[in-house]
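A.B. asks: Letter by letter, the chains look like this.
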Amino acid sequence: MIQPILTAGIEVALWTAIFAGSGQATIGSYPRESYLAYALWAAFFARISSNWMYEFRMIEEIDTGSVNSVLARPISFYEYYLSQFLGYKVITSLISLTVPFILTLFIGVSTYHSRFPAALLLVFFYLVLVHTVSFSIASFAFFFNRIHSLTMAKNIALWLLMGELFPLDLIPEPYRSWVIHLPFSSGVYIPVGYLTGRLGHADLLKAFVSVALGLLVLAPASSALWLAGRKRYSGTGA
Amino acid sequence: MRKYMNILYGFFKASAIADLEYRLNIVMKVVTDIIWYLAQVSVFEVIFRNVDQVGGWNLHSARVFIAALFVVDSIWMLLFSENLDRLSDKVRRGELDLLLSKPVNSQFMMSFQRLSTPYLINILITIGYLNWAFFSLPEPPSGWRLLMLIVLVPCSLMITYGMRFFFSAAALIFARAENINYIWWQFYRLGMRPDALYPPWLRYIVLTVIPVGFLASVPARLILGSNEWGFIVAAIGLGAFMVWVSTRFWAFALKRYSSASS
Amino acid sequence: MDYAIETNGLTRVYETYKKPEGVWNSIRGFWDRQYERKVALNPTDLKIEGGQIIGLVGGNGAGKTTLLKLLSGLIYPSGGEAKVLGSSPWSRDRNFLRRISILLGQKNQLWWDIPAADSYELLTRIYDLEPIAAKKRVMDLAELLQCRELLQVQLRRLSLGERMKMEIIGSLLHQPAVLFLDEPTIGLDIVAQTNIREFLAEYVKRERPTVILTSHYMDDISMLSDRLLLISKGSIVYDGTVNGFMSKTERMQKLSVKLLKPPEKEIVLSERLTIPAGAEGLSVELPSQEMGSLLHRLMTISPVEQLKIEEANFEDVIRQFLETESRRRQARHPFPT
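Protein chains in written order, with the working numbering: chain A, 278 to 515; chain B, 757 to 1018; chain C, 171 to 507.
I should point out that these hints are in silico values taken from the structure, not numbers from a laboratory.
Given the structure is predicted, the values throughout are model-derived calculations rather than measurements.
Beta carbons: idealized from backbone N, C-alpha and C, even for Gly.
One thing to keep in mind: the hints can contain errors.
Using 30 Å as the maximum straight-line C-alpha spacing, the simulated DSBU-like pairs for lysine-lysine come out as follows [to be verified]:
no. : chain 1 : residue 1 : chain 2 : residue 2
1   : C       : LYS305    : C       : LYS277
2   : B       : LYS846    : A       : LYS431
3   : C       : LYS306    : B       : LYS759
4   : C       : LYS253    : B       : LYS1011
5   : C       : LYS253    : C       : LYS478
6   : C       : LYS403    : B       : LYS759
7   : C       : LYS253    : B       : LYS759
8   : C       : LYS478    : C       : LYS418
9   : B       : LYS846    : C       : LYS277
10  : B       : LYS769    : B       : LYS846
11  : B       : LYS769    : C       : LYS306
12  : B       : LYS769    : C       : LYS277
13  : B       : LYS769    : C       : LYS478
14  : C       : LYS306    : B       : LYS1011
15  : C       : LYS217    : B       : LYS1011
16  : C       : LYS403    : B       : LYS1011
17  : B       : LYS759    : C       : LYS305
18  : C       : LYS208    : B       : LYS1011
19  : B       : LYS846    : C       : LYS418
Between beta-carbon pairs, the in silico distance windows are [stated by the list, open to error]:
no. : chain 1 : residue 1 : chain 2 : residue 2 : range
20  : A       : GLU337    : B       : TRP888    : 40 to 50 Å
21  : B       : ARG848    : C       : ASP263    : 25 to 35 Å
22  : C       : GLU313    : A       : GLU337    : 36 to 46 Å
23  : C       : ARG442    : A       : ASN345    : 43 to 53 Å
24  : A       : PRO449    : B       : ILE966    : 31 to 41 Å
Just some of the chain C residues that point at chain B, by a computed CB distance under 10 Å [what the hints assert, rightly or not]:
no. : residue
25  : SER271
26  : PRO285
27  : SER426
28  : LYS428
Just need the whole structure built from these sequences, with the hints factored in.
C.D. replies: Written as structure tokens, this is what we have:
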């Protein structure tokens, strides 16, 4: 809760300074208010759209071998952790998102509050993809020790690709189209851009499709990885 | 002094042997930091492609700034990432007891015993990037200014060390390490942007109370041709002061620990 | 005369913050803290001559480790004085630290991920030793411990017993004049325990250091120590030879027997001991000198499926010792004033 507030504070200060120092009225055709709103929302959405704790737990379970107790349950490892992960995110997002929601109601920064439910829906759809990525990474724990650094690398990469650092439309072409069309932009850039008026309904719909395509590719890949890992695991008899 | 250099070399050797055990880990550490560098670089590259200059910084000088930050950061990671980030952990597991029974300064042992040797690769990369950023300036100042880094980088490290040490040792006393580490990280982040971006009051703070401005802003400004020589003196003085404060603080924490632990 | 270790009213008291129950009391505790005082070591006077081996024995939480940590300067005392090798331990003087060594049986000083030999090299630098001489010493000690071939293996690949051998070499590398050994055989199997015990006996004979040894196992103490200190609830309750202690306590052993089949009628083993009809076996503690005759009698009466004889719990022995002591004292002074 405190973390995104601090992050948002620093980012808002940064954009204020950029506008003050540059003397320009708009950057990339959007005004100052748009950036401030983006910086505020992005800090909170980024927090929701990333997975540290549950990925860490999945890896621990595999590392320590306590995964066996989960495997014995009548629910798959994937589903077991997906339900926990989403449940946790529902609660935390309800609490933490009230902060920017109320703030933006009072301060006159550009936000379309009616778009909030649709934006949140996209984020939760995206979380299924996030979980699938985490599941794939956890599967590597069957093959290697000490893979927590993999979580670190992935989350820093997503930090960039989601658009927490800056609105992705500032990136020069051709990278810009690439990064925006990747499903990871649905973590921050698309929902926040949609909320703050940078993007329209069509962009949101495209993002749903992009996440769905991402899942279509990643789901079979991750389950293959998991099965291969389990085979290797039981092979060593650990 | 010679003895301590000798011990430091011993730590380096032992750490290297330990690190080479986990090859994937080496690769991941290097790759993770490269991704982190890319993220930081992209912020400035993207912003300055849309804005000509901010508070006196343009794309070229911002590159030098970020490169200076990376150099300091990569050396920091080599020396202290393992040692100071996990200081309170180690104390809780009782490793301090064994350190205290050694005839060597315990703060020295605690601060340097486990070096993260994979970051040597990163140091080469960041120094390379700094050279490139410096010499691709439209009007590069004379090259001898880079030599000032031989003094300025150790000063940055000493100042950062003092601040970080304070936070780590505070975690020892207050026992809630995660939150304290988080606050530290937020301070560090303040140092990851040129100080000129901040409003005057905040700029004053990052150069005095929480001197993260010395992390990269001051060194970058000086090598970019600024003649604020006072800052060199300030950096040296502050560096020495911060390290001195850290030794006092360690003595205090130790006394407390020795009186409280079982 | 000069003692290697000398203490005078050495005391240690802990104050721990007593966590109150309930939210309101917790809030109150913010400014009005209740501290609990726990005495870890009552005022203690000790005189230990150089070259002696002292066995320090006591139950969990009796104050063994506290005394050890005080004498090695890891913690400050709450009162009293101590001189170890002529200096005050908690001044942590470098020359003092160079002459002592502390081995904590449950903690590693060697690095987990590297071979012990590389850790020794590091210790050589830390203790400022001559590299070639230090290497030779490692080899000698390893020879004595029969673990030369393990020096180049990463510590984490070694068994607990092997690791302890490596830790012992590490703590002896700088030829300490005073050696504090806290539970050097804890958790080890019998073979490893015996190995380490034999090594320590040999080492002490060769180099004559002053040693304070704590252990849960009476065998460690009885084989190695010249003098036994028994510590209970922060006070030294016995100070004398091991044999003197043994003669004052009956050596108790614990016998567990499972019979092949429950007896149809009661078995009388001795005046005090019977196995009732239908029982599956028995479990009993008795003085070791009675063990032989009892077993002989049992075997002749009933076939036995399983049989186990254990040393009685050390805590029980101490308790028993303390009880007999206090009875004896009362007998001597029947009318306490």
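A.B. asks: Are the hints correct? Go through all of them and say.
C.D. replies: These are the hints, each one checked on the structure:
1. C:LYS305 x C:LYS277: Within the cut-off at roughly 24 Å; holds.
2. B:LYS846 x A:LYS431: Holds. B:LYS846 to A:LYS431 sits at ~27 Å (cutoff 30 Å).
3. C:LYS306 x B:LYS759: holds (21 Å)
4. C:LYS253 x B:LYS1011: Cα-Cα ~19 Å, so holds.
5. C:LYS253 x C:LYS478: Distance of about 46 Å is beyond 30 Å: violated.
6. C:LYS403 x B:LYS759: Measuring from Cα to Cα gives roughly 43 Å; hence the hint is violated.
7. C:LYS253 x B:LYS759: holds (28 Å)
8. C:LYS478 x C:LYS418: Holds, at about 26 Å.
9. B:LYS846 x C:LYS277: holds (12 Å)
10. B:LYS769 x B:LYS846: holds (21 Å)
11. B:LYS769 x C:LYS306: holds (20 Å)
12. B:LYS769 x C:LYS277: With a Cα-Cα distance of about 23 Å, the restraint between B:LYS769 and C:LYS277 holds, given a limit of 30 Å.
13. B:LYS769 x C:LYS478: Between B:LYS769 and C:LYS478 the Cα gap is close to 51 Å, so the pair fails against 30 Å, i.e. violated.
14. C:LYS306 x B:LYS1011: Violated: C:LYS306 and B:LYS1011 sit about 38 Å apart, past 30 Å.
15. C:LYS217 x B:LYS1011: holds (27 Å)
16. C:LYS403 x B:LYS1011: holds (25 Å)
17. B:LYS759 x C:LYS305: holds (19 Å)
18. C:LYS208 x B:LYS1011: holds (19 Å)
19. B:LYS846 x C:LYS418: violated (44 Å)
20. A:GLU337 x B:TRP888: 40 to 50 Å: Holds, at about 41 Å.
21. B:ARG848 x C:ASP263: 25 to 35 Å: At roughly 27 Å between Cβ atoms, C:ASP263 and B:ARG848 fall inside 25 to 35 Å, so the hint holds.
22. C:GLU313 x A:GLU337: 36 to 46 Å: At roughly 42 Å between Cβ atoms, A:GLU337 and C:GLU313 fall inside 36 to 46 Å, so the hint holds.
23. C:ARG442 x A:ASN345: 43 to 53 Å: The hint (43 to 53 Å, Cβ to Cβ) holds, given that C:ARG442 and A:ASN345 are roughly 50 Å apart.
24. A:PRO449 x B:ILE966: 31 to 41 Å: holds (35 Å)
25. SER271: Holds: closest Cβ of chain B sits about 7 Å from C:SER271, inside 10 Å.
26. PRO285: Holds: closest Cβ of chain B sits about 8 Å from C:PRO285, inside 10 Å.
27. SER426: Nearest chain B Cβ about 35 Å off; hint violated.
28. LYS428: Hint on C:LYS428: violated, closest Cβ of chain B at ~42 Å, above 10 Å.
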